[in-house]
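Chemist: Below, each chain spelled out in residue letters.
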Amino acid sequence: DGGITQSPKYLFRKEGQNVTLSCEQNLNHDAMYWYRQDPGQGLRLIYYSQIVNDFQKGDIAEGYSVSREKKESFPLTVTSAQKNPTAFYLCASSISGARQETQYFGPGTRLLVL
Amino acid sequence: GDSVTQMEGPVTLSEEAFLTINCTYTATGYPSLFWYVQYPGEGLQLLLKATKADDKGSNKGFEATYRKETTSFHLEKGSVQVSDSAVYFCALSAGSTNAGKSTFGDGTTLTVKP
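In the order they appear, the protein sequences are chains A and B. Each number in this note's numbering comes from the position in the first sequence (counting from 1) with 1 added on. Each number in this note's numbering comes from the position in the second sequence (counting from 1) with 13 added on.
There may be inaccurate statements among the hints.
Cβ-Cβ distance ranges computed for the label pairs, FRET-style [claimed, not checked]:
| hint | chain 1 | residue 1 | chain 2 | residue 2 | range |
| --- | --- | --- | --- | --- | --- |
| 1 | B | Ala30 | A | Gly64 | 27 to 37 Å |
| 2 | A | Gln42 | B | Thr39 | 11 to 21 Å |
| 3 | B | Tyr43 | A | Pro9 | 33 to 43 Å |
| 4 | A | Thr6 | B | Lys69 | 13 to 23 Å |
| 5 | A | Pro40 | B | Thr39 | 17 to 27 Å |
Since the hints were made in silico from the structure, they are not lab data. For every residue, glycine included, the Cβ atom is placed at its ideal position computed from N, Cα and C.
Make a model of the complete structure from these sequences and hints.
Modeler: Structure (structure tokens):
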């Protein structure tokens, strides 16, 4: 079955540590996205990519980094510069990024700070 | 910039009651409009969408009509079930200068009691 997988489901970060969240899709989609979700709030865009080897900052990119070396993979690194990283992180993809397209979401990774 | 305002929750209804969740938006150009649903601990999944004015999206008994004159996309269902309990997000995706970027409302939590 086609879809998006995210791992791990739960991730614990120590202070000063960088952690990387995995996102893989087998939908053959060109566009991929990372969102942050805080309790009682909507999704906020961190980064997005519409093609391999290219990505754009979203609304809250500070303290995060991404890479897009393969079409199916879009890992997110939460760096030590992100002072409040505790949140639910969602990865999504769409066919090409056009405005009328549905975004398909993974099951999410919950990041907690020790 | 673009924005989405959703009816504040939580909303609690009895089974078979009528549901309305209000959504209004601000956007330049001609956005596409979406309703996504999120079940506990999961990612979002598309419920319905509309890509131009006066379009009606529908799925699983839910409906929403794209009203450009009132900049609204209210979600309705005639008879809710316990299984409809979830968080509902209204979202828009703007024109070519913001290709790939969606804006989400804060979400409305719906609880349906038997």
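Chemist: Going through the earlier hints one by one, which of them does the structure break, listed in rising order?
Modeler: 1, 4
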